Amino acid sequence: MNNSQNIIARSATTTPPPQVRNDVEEVAKLIDVSKCIGCKACQVACMEWNDLRDDVGDCHGTYDNPRDLTAESWTVMRFTEYESSDGDLEWLIRKDGCMHCAEPGCLTACPAPGAIVQYANGIVDFDSNHCIGCGYCITGCPFDIPRISPKDNKSYKCTLCSDRVNAGMEPACVKTCPTNCIEFGSKKDMLARAEKRVGDLKARGFRDAGIYDPAGVGGTHVMYVLHHADDPNRYAGLPKDPRISPLVGAWKGITKPIMSAIIGITAFAGVIHYVTKGPKEEPEEAPDDATPPANRGGDAGHDASSGADPHSLGYDATRSSRSSSDAQRHPPGGDR
Amino acid sequence: MAINVTRRQFFKLGGAGLASSSLAMMGFAPEPAEASIRQFKLTHAKETRNTCTYCSVGCGILIYSNGDGARNVEQNVFHIEGDPDHPVSRGSLCPKGAGLLDFVHSKGRLEYPQIRAAGSDQWQRVTWDEALNRIARHIKDDRDANFVQRNSQGETVNHWTTTGFLAASGSSNEAGYITHKVVRNLGMVAFDNQARV
Amino acid sequence: MTNHWVDIRNANLILSMGGNSAEAHPVGFRWVTEAIEHNNAELITIDPRFTRTGAVAQDKAFIRTGTDIAFLGGLISFLIETDQIQHEYVLNYTDAALVVRADFGFEDGIFSGYDESARSYDKQSWMYEMGDDGFARRDESLQNPRCVYQLVREHYARYTPDMVSSITGIPVDTIDRIWRKIAATAVPDRTMTILYALGWTQHSIGSQIIRAAAMVQLLLGNMGLPGGGVNALRGHSNIQGLTDLGLLSQLLPGYMSLANAKEQDYAAYIDKRAKQPTVEGQISYWQHYEKFHVSLMKSWYGDAATEGNDWCYEWLPKLERPLYDVLDTFERMSKGELNGYFCQGFNPLASFPDRAKVTRALSSLKYLVVMDPLNTETSEFWKNYGEYNDVDPSQIDTEVFRLPTCCFAEDDGSIVNSARWLQWHWAAQPPPGEARPDTRIMGELFMKVRQLYLDEGGVFPDPIVNLTWDYRIPSEPKAEELAREFNGRALEDLTDEEGNVTRRANEQLPGFAELTADGKTAAGCWIFTGCWTEDGNLMARRDNSDPYGTGNTLGWAWAWPMNRRVLYNRASADVQGRPWGPNKAFIWWSSEQSRWIGADVPDFPVQSPPSRGQMPFIMQPEGVGHLFAAQSMVDGPFPEHYEPFESPVPQNLLHPGKERARNNPAARIFDGDRAALGRPEDFPHAATTYRLTEHFHYWTKHAELNAIVQPQQFVEIGEGLAADIGVVAGDWVKVISNRGFIKAVAVVTKRMRPMMIGDKQVHHVGIPLHWGFTGVAKKGYLVNALTPFVGDANTQTPEYKSFTVRVEKA
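From first to last, the protein sequence lines are chains A, B and C.
Those letters in the first sequence? Residues 1 to 336, per our numbering, in order.
Those letters in the second sequence? Residues 337 to 533, per our numbering, in order.
Those letters in the third sequence? Residues 534 to 1343, per our numbering, in order.
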């Protein structure tokens, strides 16, 4: 459900969202790691549905391909060979991707108005038209999920197939999953399913089986069933107790107008940079003046983009194709 | 680096564009949120039922193509996903099936008959008639020269062993049946399909 | 598959062995996960590697490649010696009680009747002892030392847990644990399903491994029951269909067989195949062979086929060698004995063993015709691709034709899945460029050849000029026309014994029971009869209802034979016709209706009451399942373990010092290829080739999405071997056999562990095979540069799963 009424949070925006239609049920994707065969059908279906084609890479000596999330790989399988102290070997395979946090750090951190939205059903979606490529969403994310594309300097991640969900369909990865290890439904139902699965795993001897729905981010709309919920880190570094970076949190209290004014100034600086240096690639534009841009808000994203300084939050600059301006030293606060 | 901004972009960047976006950022003039971030791409696509071409689970697939099948329109497949009605696959597809679209539109698809001449290092494009006439001639010449009606023991064998045929177990029963019908009646015995390996 | 994909969910135990079901058939594997979750089932996988199937299995064992018969033979012995068999089933539904001829024997690893010079057996002694009534003798007590039960017991007594462990490398306690779990399905209300694939077929003993599995299932009473069976998870989407349609060197459609040159007499040809019951009153359905054969001849030759000319028996090619299989053909080709070769959707350069030999063979052809949707390696075998295909085009005189074909999305038609379902599909777009459907290419080519014969005359034109070809557009036969043809129709009015018309001329036939041997019916593939009837195209049906909740959807598509979904399903009921257990009820005898009823179409005469004593295995002359393969196998009536032709172990531990019994004495090998086998001291590592879940053979390297998720060639080695040769994950290694080499990235993994075989440590090397020199994935080496030119005795399938290599740092 992603029509305008059902956006409940919007990055860098103070206007309260419409609240009349509030009976939307929260959705969730449940990934039962104990049933995952690591076939990567979800990776392929995700790329196919979303018209993405990542690079044909190399084998690095593991089954992980692509090796990491990218702007064109919104989900990847992470394979871990875990050997217990008594020599038992487990091959743990976890589908990694956006967790769709109830309290999304990316949205909180994002300075670009409307670049990140959260729907009432829980989906956290990126609107690339508004993205300025600053990379703060990555810093804000406790799971290290969003990636900036070197092609257009915009941030991308799993949308939970908001377009499909809006049309009453399940996300592409869920539908394709051969072993039913990925399921989709209301969060309530998925929690009930997860409980049942945990019960089954416990009966089969996995005493520490459990649900991964971390409270530190208000719970997630992508949950895992883990055979070793006591040690999620075993699954390729799934954080045990994820929280939004305190650096992002510190900005939360600062009043929006001040922040926005600063962004306005930096945006202007950015324009100067833009005009003198030019973009690395032609940004998306309407073909000519006679045709209004499809999204009027799109301009703001482009304008502000050039001012972001990824270095200020320790973000790896190589992920962003735009350089910085000193005026943009100030991470923005969110409005949630 | 040259200034890579059009005049139109410049004015938009420097003027109205910036003003409006700044205002928006300050929360004074919120933009209308988009009705949908990405349009649902299957609306009005033509849906065709098919079976996955890879392994023999035989998963049901739905092929979505542009064009509604009208006479003046050529269909073009743009998306493939699982058929939820199928009793085995129930909508799911493995990584091979989920990637079928890129098989259909593979850069490796052949589009024209070609011949590589003896000793040559390249292909030459030919018409279907040229190719099939030449192959038919090879068939007849080799068959007429080497067909065995009676073997050394005087037994009737009516076979042709100097040309062989490998059939495709990715093709349909109908293709397989007509292939068998033709191949056997030419007298071929060196005839197999992937079931042998 | 004897059963079907959805039926796997009815299993209580799933044995995935000789295959990597999760990776090769992920969507079929969904029913394994369903069984685990909803039927409280357990999955056991036995494989040389820790695979992705292993990642979700409840129990697993790692077995040295090529030693599966040792494991299964030991299991057979364990079941018998611990008396964990399904007694009623074994006594009544198998040949356990039948007595075997006194001259059958087994000594020093060789069965009676062996001719060493011909590397083949005379099977005369492999037969039941016939009584005075002409039927096989029986011993209900199972005590006769010559009864099958006692012979099985004796044969496998040698397969002790210690012996099995020393051959397979599986620790004794693991063997014991898994055998016990399997034995627990001997009770009537629990079933085990066995899932296998090329991991069993691609051995010089491949067919016998599968036989051993069938014997286990018979002893446990798991054949014909829901959640049971021996299930081949087949490879290509229509490999089942092309096998059914007989596109193999020795076959005709519907598992009928071509005559060999000695069979000059039509009546004798039919008699040999129309098998009469060897146990009184049994169905022995092949006794109707002539009806199927004549209907095929009428389908092909129409009015030209008459009783007077033996239905054109003479026109069919006769076999002069035992087989013209692909190994034989490429052996002959490499000696310059072939002039022409057609590859329709087949990539032999990549798919046949000993790639150097394949290149030599193709280079000796006068002409090669490749029909394919894709740019295959075979079509460019003559082109230099550097070290990936190091040839000199100027030295290759083969004229190569490359004809572009449609893919699945561009044609209509039916394909048969592993569960024998014929499913119809529809075209979604026109083909690219000038590509054409295979049906049109074959049609047009045949029209041109026929015209040449009509215009010029030529050698033996009879079958060419008389072949029935009544398609509306002769050069473009349509899928509908061809499907109707292989289903078959009445050529004249058919009548019953009283002369009433039961089927009018030209009507499509509803089933093979209506076929006749007098020329009144035509059917191109008798087992498909019923797929396109007067009710239309049943293959296109889409009713997925499952009224009995057994996963049997009889209204979805159409399955051969006669829409039966589980073969031998009469065995799902006891001798009295009652289900073995309420949870295994499938078909049963209804005394009210005087017929068999239930969730499936009975694979049995529906009105034959249990009291009549007809047994479930209707295709066998005995009516029962074969523990003793009288006549049907060429390399022995009992599976016996023999070492792979290239093995890290120098002798067969069951027959130490008996060189003749080291490898399968009847397997396919040519002298030149024997000379190309490597010695264990030069090539110490056990190698096995396989497929990865991200790819399909050599097709998906042309599909960008699949290239992205598994872009580059690699081999898998264990940490111990990696340390020995000084490589870490991501380094390049060179893998060398006595026939060639490949280079690939090393995946160094804990999932490959060395095994102790006797007192010797053996490392396995895993070699995925999906890369080549065409496509959008990274270029790679065709792995068949490594594999030996050795084939199974029964199927001639190459031994791709077990050979030896040496791995070095590249």
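Since the hints were derived computationally from the structure, they do not count as laboratory data.
There could be a bad hint or two in this list.
To be verified - Mimicking DSSO-like on lysine-lysine, the simulated pairs with C-alpha atoms at most 30 Å apart in a straight line are:
1) K196(A) / K151(A)
2) K377(B) / K151(A)
3) K1312(C) / K382(B)
4) K808(C) / K443(B)
5) K443(B) / K1311(C)
All values reported here derive from a predicted model rather than from experimental measurement.
Hint-by-hint comparison with the structure:
1. K196(A) / K151(A): violated (44 Å)
2. K377(B) / K151(A): holds (23 Å)
3. K1312(C) / K382(B): Judged against 30 Å, a Cα distance of about 36 Å means the pair is violated.
4. K808(C) / K443(B): violated (52 Å)
5. K443(B) / K1311(C): holds (14 Å)
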